[in-house]
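A.B. asks: So the chains spell out like this:
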Amino acid sequence: MHVDLASIAFWVIAIVLVGASLAVVLQRNIVHAALALIVVFGAAAGIYILLNAEFIAIVQVLIYAGAVTILILFAIMLTQHSMGRNSNPFSTQWWLAALICILLGGGIIYAVGHSVMAIGTATSPVLLAGEGSGVGGTVVRLGQLLYSPFQYSYVLPFEIASVVLLVAIVGAIMIGREEEE
Amino acid sequence: MGVSLQAFLVLGAVVFCIGLFGALSKRNAVSILMGIEIMLNAVNITLVAFASSFLHQQPKNNPLTGQIFAVFIITVAAAEASVALAMIIAIYRRRNTIDVGEINLMRW
Amino acid sequence: MGLLTFVVFLPALFGMLVLLIPNRWANIVKPIAAAGSFIVLVLSAWLYIGLLINGQGFGDVQHPTWFINVPWINATIGTFHFQINYALGADGLSLPMIFLNGLLTFLAVIGSWHVDKRIKFYMAMLFFLETGVMGVFASFDLFLFILFWEVELIPMFLLIGIWGGQRREYAAWKFLIYTLVGSSITLAGIFFLYVQTGGTDASYQHFASVGSQITGTLPLFGGTISLPILLFLLLFAGFAVKIPVWPVHTWLPDAHTEAPTAVSVLLAGVLLKMGAYGLIRICLGFVPHGVEQVAPVLGIFAAINVLWGAGASMVQKDMKKMIAYASVSHMGYVLLGVAAAAAAAAGGANLMQFREAALTGATLQMFTHGAITGMLFFAVGVVYEKAHTREIDIFGGIADRMPREITLYSMACFASLGLPALAGFVAEYLVFTGSFATLPVQTIFAVFGVVLTAGYLLWMLRRAFYGPLNMRWSWLTDVNSVAEFLPLATLIIIIFVVGVYPKFLVDVITPSLHQMLTTMQSLTLH
Amino acid sequence: MILVDFAWLIPAAVLAALTLEVLIYIVMRFSRAPLPIAASQHGGESPDGGEAPDAHAAQAAQAEHGNHSTHSTHDDHGGHGGSTPFWAQLCSWIGIAGLLGAFGLSIALLVEFLQNPVVGPGGTHLLTAGRFIHLYDWFNFGNLTYPIDFRVDSLTVIMLVVVTGVSLLVHIYSTGYTRGDPGYARFFIELALFTLSMLILVLAANLLVIFIGWELVGLSSYLLIGFWFYHAPPPRGSELPYPPPAQVKAFVTTRLGDFGFMIGILILFFQTGTFNFVALNTATLHVDKSLITIAMILVFCGAVGKSAQFPLHTWLPDAMAGPTPVSALIHAATMVAAGVYLVARLFPIYAQAAGPQAFEVVGYIGAFTALFAATIALTRYDIKGVLAYSTISQLGYMFVGLAVGDSNTLGMYHLFTHAFFKALLFLGSGCVIHALVTAQDAHGVQDMRKMGGLAKFMPVTAICFLIANLAISGIPPFSGFWSKDPIIGTAWDKHDYIIYGMTLFTAFLTAFYMFRLFFMTFGGKGGAFGGLWGGRDQYRGDAHPHESPLSMTFPLMVLAAATVLIGLAGFTGLNQGFAWFLNSGVNVSFAVTPGLDLLTLFGVGAGVLGIALAWLMYGLGIVPATAFTSNPIGAFVHRVLYNKYYLDDLYALIVKYIALGLANLAALFDKYIIDGIVNGSAKAVRSLGSLTRRTETGKLQNYGAALFGGAMIILLIIFFATGAIGK
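Chains as they are written, first to last, in this note's numbering: chain F, 1175 to 1355; chain A, 448 to 555; chain D, 740 to 1265; chain L, -16 to 710.
Don't read these hints as lab results, they were simulated from the structure. Errors might be hidden in some of the hints.
[Unchecked claim] Part of the chain A face toward chain F, derived, beta carbon under 10 Å: (1) C464; (2) L467; (3) V477; (4) F497; (5) I515; (6) V518; (7) A524; (8) I535; (9) A537; (10) N551; (11) L552.
[As the list claims (entries may be wrong)] Pairwise CB distance ranges, derived in the manner of DEER restraints: (12) G794/D to L643/L: 26 to 34 Å; (13) P510/A to H1288/F: 44 to 52 Å; (14) A1228/D to P104/L: 34 to 42 Å; (15) H108/L to Y1240/D: 29 to 37 Å; (16) G663/L to N813/D: 42 to 50 Å; (17) F821/D to F702/L: 52 to 60 Å; (18) G937/D to I641/L: 19 to 27 Å; (19) A1228/D to L73/L: 19 to 27 Å; (20) E908/D to L690/L: 21 to 29 Å; (21) G663/L to G955/D: 55 to 63 Å.
All residues carry an ideal CB built from backbone N, CA and C; glycine is no exception.
Chain F on its own, in the form it takes in the complex (with noise of 0.2 Å):
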């Protein structure tokens, strides 16, 4: 088959991704599928290079990679000695969550091969090269779509969206304080 960048990149972050993801999902230890996830986000970062999504990329390293890996290994750390010393263990109907998890895969991959939506290439070297439409990629443009008053924009919902972010931080304060007696 005919070989270009992309695709090997591709085929590079993608085997990543998936060995990572499964790491987190088998380890053993807790903390070490912690560090596992980082190296998922990482690679889930690439991949939205791949798909000229800088600005996803970016934040996806920031608040994933950064503070909910972050936020993670702290919830860990405070509840280390709960879980004995096998910290990541399987449930007994790991079994039923496997088949499910197959058969579910493959309904998709399936859905994914038949359907008509799914015809098309997601990356493509001009963009890659940087040249597209504008300067910036699709940088630009997205922050026009997301805070421009005077077009067609997203602006409500991001507010909204602050608005649920303001909402997590009183309730997670709200939930995790010590109660005091």
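Take the given structure of chain F and dock chains A, D and L to it, following the hints.
C.D. replies: For chains A, D and L alone, kept in the frame of chain F given last:
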């Protein structure tokens, strides 16, 4: 020529299922959370892939709705992660465990 | 002419009122309840007297009296058109029942003077029950009818389940489930009938005029079933449970036995009559063909009811249970009368009067049985409230201690076993003389029930009240309070009056049945 | 406007008396203190109300007890001990007054009927036409009417005289007999109620009213049998009946007969559309004969029940548990004769409309019952028991008389005479019981083995009793002879030789056991007149016998006089006049007029033989009393007879095992089969629910698995639905 959309979609599906498996089969609440995060990422991948495929089909009015969605998903995911972890901590304080096998609060 | 509205909804109003009384003033609950139920009684009596005074007849299905008709729900769902009116009316069939309900509820309030457990709630429930029953008898729209029919369930369920005896929960649930299953089938039947008759109008007048034209058959489970019969069976299901018809009668002994005295009175006095009323008004009035075709079978079931109930009550150890089975047996006469009225015998036209006699007898039996069984339950209640047991054999000779009680109790028993000059005889005699024309064999079997009734009632009296006094009960007191005496006295007076001069009651009933029967006659003749 | 139109005054008078008595009774007996609103005032309002009911109960019990204090110390007798309050006596006087009025009116009616004025158009005489009194209608449908009508004709008038007369005498008698009884007032109320019901029955113009009266007399019989409901049961092996079961037995057994009666009425009504007797007489002629025959036999079932004929006779001996005046009035003279009256009333239908089978059934049952009851009476020791069975036997005679006679005269005449001498017998036995009461032995006083030689102590009673005995034995010139002998004779004339034989033999037995009774009671071996007139040394009991007060002996004398006079009047052809009167002026003759012929000789001879045998056995003691029972066969027969052919036991078994067995079956079926199904289905639903409840683990992951599993399944379904898989 580039990588086909299907490849990304399949990748998303595979990762999603792995995350789902994690979420369904682990007993540690934190690792369930991690599984959920993986699922979210898989969804993001799918959305972005769609976005850029559309972009590739009609570059003029480049539609980035998928990416917009991804942004919101990430936002919500962050919020969800924080709240979820706070809850895990709270439950841990109450029952001194985060083994979901021992937590059956979801029955009346 | 909104008087019926008052009769139907005043009780509910009083119920609310009673509930609103603050607990500080709990001691005025009973007086207020008594006054309220008395007002309703007076109003329901006025329904009859008013008609008597202004001289207009007592009406029939086509010309109900006190009629009001207000469009209520008018919805079109898909191809299905809902037309429900708030239509209330009364005729000779329902007037006695309405009066009986008012009377028995009043007496029940008086008779439950000794109740103290959550008295407010109790009285309110009695009132709500009254509203439900009144609605059933007064409504002139089929959907309104089934609505009230269901409304009455809840208070009765609570009354049995909260204030009942040891096995009250079981009894209450049994009553509820039995009735619900039956009435759900009836509801299906009502929809079916509604659709079959054009699906535009649910008023009684409409059904009474067009319902008799329903004919034809319907494929069912491979075979075919005559449409009227199917309709009848569907409609009858709920009524059969309420009447109750063997073999769906077993809820009754439990419910009657566990319920508190006043509630048993209402249960036997008016709730069973709802079933009989539905049978006559809806089954016989709206699908005469169906009833006509199954009449002999219906008669057989009636005979079974009579004999079965009598037999079962012969061997009961509990007074109340015995009387409960007795009312199973006596409702059999109602069923027999209706069956006989519907049966198409060889005679044809000249049997008209016999059918009229049978149907009038059935309706009269509804009234008299209400009064008589109510009195019996009150009488048992007197014993039970004092001795806290109803087991017949552990008494003995207590007539020595309660002369008033034995006098009134015996009167009730004699009325129940059909002694002349008391109401029971009139109704039964009428039913027999009428039914023999169309259903001779079934009637003969039913007549034998009279012998059995005498047997078990008198034997019960003999075991409990006669013989040397069992000194264990030497402390028993007689009927010694208005609350105990008034219901018994009132009922025996009514029973006696009806037994000696039934004309005033029959004159109410007959005309409205006459119309129904002429319709049927025209059918059976062609 | 003639007197007959006021015939309704007769029951009205009794009704008025009854109402007055009841009012007095209620006021004096029941409402001594105003009732409180509620017996138990304990409850939310008054914290101290807790013990209120107990206090109330205590004082009420006190009151009630004071009210019944005499009950516990009760003997099986009317008088002695205890005092009768004034108001109770007032009740009795009111009753007597009412009955005096009723009796006077009846006599007046009789006189009017005898002078037989012309009433109505066409010169129809009162005797022929009778008189129809319409009171009111119950209801009418089309041309069906349920009227409450009275009809007065010769038959009615006779019954009116008998009923009011005997009832009046019994009232007077009872003032003495039940003096001091705590239920004194109640007794008279119930007597008045009975008389009223009987009058309704007698005056009835149609089957509806007669059925009403029919049931009402049953009610009063029930009440009066159970008059002493508080008595302790008699010792085992005693012949004495026990009131509480007896009253139920009486009512239910007669009800069993009424079942047939009712069906008969239904058939007649359905076929003719009327209840009225006069209308029925003609209407039934046009109906299928066999149907009418069946109907009339069914009606006769009612008579069998009420008049205690063979299959249903067992209640009457038990009914003797009631006070003796009651036995005299109800269970001898009037009520048990109601069956005979019914058949006599419907005589035209029996004779013309119905087939001959109807009267054959009546006749044979009557004759058999007469013989059957007489044989049982031979072995009774209970004085009232003997009289009870003799009553059954005599009623059998009446039915025979109706069945074989050309008119209802024979039966009615025997009813007429029997009413007097049988009432006399019972009242006499009442005097005996009254005289022999001892505090120790409440149950033995009716046992003839503890009597004997009473004639010297109570001559009046003895003489009256002897007269009645001769009458019932059919010895001329006493009344029984004139009514009984024709029945036997007619049976012969009608070639019913079986019936003739039975009745003749019964006459012999009757004379025997009646005089056995007399000798055992009043006479005894060694008494004057060959043991006829016993004295102190014949007395086997331990009481202090004495003659009864005038209030009790007076009715005896009156009745004895009636018996004798009716008998003597027989020579002047009273029975002919009776026949003429009863057949509404048509001069039919008795089938056989007793005279100097062979039939009469046989009839009287049987009686004489019986008396002679009794005299030999119990009076002179030449033939030992155990003459017949000594040999094994005799002993066996005696045992069977003494146990009433074991019929009571048989019925008891039937009731216990068949009736109650079936009833139990029904109850158990309800309990286990029907409720089993109901509860079973309930259980099934329950278990299903508990099964599905397992899925509600409350575990996050199970829910997640379910969620995504569901999604997966839906996915696959979609694929299959769109056929995407497999092609």
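A.B. asks: Next step is simple, just say for each hint if it's right about the structure.
C.D. replies: Okay, the hints, checked on the actual structure:
1. C464: Given a least distance of 4 Å, the restraint on C464/A holds.
2. L467: Since the shortest Cβ distance to chain F is 5 Å, the answer is holds.
3. V477: For V477/A, the interface hint holds, since the closest Cβ of chain F sits about 5 Å away, which is under 10 Å.
4. F497: Holds, because the Cβ-Cβ distance from F497/A to chain F comes to roughly 8 Å (cut-off 10 Å).
5. I515: For I515/A, the interface hint holds, since the closest Cβ of chain F sits about 6 Å away, which is under 10 Å.
6. V518: Since the shortest Cβ distance to chain F is 7 Å, the answer is holds.
7. A524: holds, 7 Å
8. I535: The hint holds - I535/A has a Cβ within 10 Å of chain F, the shortest such distance being about 6 Å.
9. A537: Nearest chain F Cβ about 5 Å off; hint holds.
10. N551: violated, 13 Å
11. L552: violated, 14 Å
12. G794/D to L643/L: 26 to 34 Å: Once the Cβ atoms are compared, 55 Å apart, the range 26 to 34 Å for L643/L and G794/D is violated.
13. P510/A to H1288/F: 44 to 52 Å: violated, 24 Å
14. A1228/D to P104/L: 34 to 42 Å: Cβ of A1228/D to Cβ of P104/L: about 50 Å, so the range 34 to 42 Å is violated.
15. H108/L to Y1240/D: 29 to 37 Å: Check passed, 35 Å falls within 29 to 37 Å.
16. G663/L to N813/D: 42 to 50 Å: holds, 45 Å
17. F821/D to F702/L: 52 to 60 Å: violated, 41 Å
18. G937/D to I641/L: 19 to 27 Å: violated, 55 Å
19. A1228/D to L73/L: 19 to 27 Å: holds, 24 Å
20. E908/D to L690/L: 21 to 29 Å: At 38 Å between Cβs, range violated.
21. G663/L to G955/D: 55 to 63 Å: The hint (55 to 63 Å, Cβ to Cβ) is violated, given that G663/L and G955/D are roughly 38 Å apart.
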